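J.: Residues per chain, in single letters:
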Amino acid sequence: MDGHIFLFLETDSDVSRKRTRRDGVKKSKAIAQASADGVLANFDRPNLLQRNKNEPSNRSRIVNKPTANRFLTIDDAQSISSYELTRKRAYQPDIAALFEQHVVAHFISFFDNSPPAQSHLGSWFLLLPSMLSSGTRTLVRPPILAASLALYGNLSNQPTIVTEAYKWYGSGLKRQRKRLLLQEPETMAPIIPTVEDVSMALLLAYFEVVFHTSPEAYFQHHTGASKMLELMGPEACQTGVLHELFQTVRFHMVRVSLITSVQALEFEADFPDRSMYLSSRANARYLQRRNGSLSHWNRKQKAL
Amino acid sequence: MPETLSHAETLHPNPPSYTDTPERNPRETSYVIAKLEAIWPQLEGLAPEYGYDTSWLSLSDEISPHILRLWNCTPRESVFPDIVTTITIAFYHLAWLLVLPSLSSASISTGTSSTIHDDLIIAHSSSILSAAAYIDGQRNGCAYIRMVFPLRTVCLNSPSAEQRENARYWLEMWRMNKGMGGICEVALASMER
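Residue numbers (this note's numbering), protein chains in the order written: chain A, 1 to 304; chain B, 1001 to 1193.
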């Protein structure tokens, strides 16, 4: 039998012994159960020692080969098995991390089930797994988990997962609030938002899509995301991930601006899909660059 | 709509000046109609039978060229090749649903009948409901989110009770079964108010 891992069988009933006679010495063989780690181990039982007094003691011998002629005492087997079980535990993967990736994958496949090469509705979703496992982009982790767990818990009807999603949502809001209060050390002006900031706002809005905490929260998150894109400027939103985020935010802002009468962003950059850009009243307004006014965020903080 | 414009002016005390015709003023309904008419040929290219046969309308003296012009941009039947195009078509019809009520109110003020715009609203609403039925079978969360606003607008603006009930049905169905509980509840609650 292959393998170097020994299975310690605790009860006699787990062992199917096959007694053989060899060289006048009774030996017993413990045959492992149906297991991926099961191996064949021989061990010397006390009654055998008593019966064969002339046989030298095998207590000091430790088996390290899967051969039928090696003998183990019960103490040796116990020490080896506990060592092997400990070593096996050390290699177990983190179940929580696997579950998080599974939930995020479910979230992505639900919102964008088209092949990545044909995705038009937001391929920035595909960055979420790397953001989740990133050691540097820790800001986005709570909103990702909040939105993913909310959708997963809602569709699978599991209240415990939904409760966990609410916790992550609260954590995401706290981090976002702290982030918004940051200022440039030299100019004391609000910091320029990043991709993570816009993603945070969008993911918190997606949580509101599944479970609404207040009637205005969905609109506030999208309004905040649009304001962030305004601060970053039209040049930054022409290519890359920010362009995809801009397209997503623009689409949602059609509804938000028409319902709440908040100005929607429109850059004058020549986007490839401009011919298919539907003109509504809100999107016909031109953007005026703001000076980092966060008054809408202050109102949101007060509301929270 | 007039409330939206007045609120918009308070938000922007110094709007860009437009000295040209109203069709070039983004705040005017005619500007939006002109934009939609420019988009229509691209949608009409989806299928030869997509557009309405408006020749029978031109035979009637009661149909003004203005109304005929609006019917020329209305599809006869819906063609949905994929999700992205379906959403685009739905938003095209949504834009018409946002514009037509203002035309109806303007026609009332001039003494003409507003029911002719109701037929246009019903036609556009019907396309939105067909798009919702297509989206329901696609299992795409982004599409569900983006269809909520057009369905809400159908519930609010359609003169047909059957269409309003149909739109409400889709919102309730997606709220319960498709994980869109939050956004659909907000939409339904806003309609209740």
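Everything labelled a hint here was simulated from the structure, so no lab data went into it. Being a predicted model, the structure only gives us computed values, none of them experimental. There's no promise every hint is true.
Covered by chain B, according to a simulated footprint, are these stretches of chain A (three or more residues, beta-carbon under 8 angstroms) [unchecked claim]:
| hint | region |
| --- | --- |
| 1 | 145-157 |
| 2 | 226-240 |
Here are the computed distance ranges between Cβ atoms for each label pair [unchecked claim]:
| hint | chain 1 | residue 1 | chain 2 | residue 2 | range |
| --- | --- | --- | --- | --- | --- |
| 3 | B | S1030 | A | A96 | 54 to 62 angstroms |
| 4 | B | E1165 | A | L155 | 20 to 28 angstroms |
| 5 | B | S1030 | A | S214 | 47 to 55 angstroms |
| 6 | A | P159 | B | N1072 | 49 to 57 angstroms |
| 7 | B | M1191 | A | S109 | 29 to 37 angstroms |
| 8 | B | S1030 | A | T163 | 48 to 56 angstroms |
| 9 | B | N1072 | A | G135 | 56 to 64 angstroms |
| 10 | B | E1162 | A | L155 | 38 to 46 angstroms |
All residues carry an ideal CB built from backbone N, CA and C; glycine is no exception.
J.: In this structure, is the beta-carbon distance linking N1072/B and G135/A contained in 56 to 64 angstroms?
T.: At 58 angstroms between Cβs, range holds.
J.: Range first: 49 to 57 angstroms. Now tell me if the beta carbons of P159/A and N1072/B are that far apart.
T.: About 54 angstroms separates the Cβ atoms of P159/A and N1072/B, which means 49 to 57 angstroms holds.
J.: Does the Cβ pair E1165/B, L155/A satisfy 20 to 28 angstroms?
T.: Roughly 26 angstroms apart at Cβ, these two residues keep to the hinted range, so it holds.
J.: State, for the Cβ atoms of S1030/B and S214/A, whether the hinted interval 47 to 55 angstroms holds or is violated.
T.: This hint is violated: roughly 38 angstroms between Cβ atoms.
J.: So the hint says 54 to 62 angstroms: do the beta-carbon atoms of S1030/B and A96/A match that?
T.: Roughly 58 angstroms apart at Cβ, these two residues keep to the hinted range, so it holds.
J.: Should the hint that E1162/B and L155/A are 38 to 46 angstroms apart at their CB atoms be regarded as holding?
T.: The hinted range 38 to 46 angstroms is violated for E1162/B and L155/A, with Cβ atoms some 30 angstroms apart.
J.: Verify this for me: three or more residues of the region 145-157 of chain A with a beta carbon less than 8 angstroms from a beta carbon of chain B.
T.: n = 3 at 8 angstroms, threshold three: holds.
J.: Is the hinted range of 48 to 56 angstroms satisfied by the C-beta distance from S1030/B to T163/A?
T.: 53 angstroms, holds
J.: Falls inside 29 to 37 angstroms, the C-beta gap from M1191/B to S109/A?
T.: 31 angstroms, holds
J.: How about the region 226-240 of chain A: do at least three of its residues have a C-beta closer than 8 angstroms to a C-beta of chain B?
T.: As far as the region 226-240 of chain A goes, the hint is violated, because 0 residues have Cβ atoms under 8 angstroms from chain B.
Consistency with the previously given hints fails for numbers 2, 5 and 10, ordered from lowest to highest.
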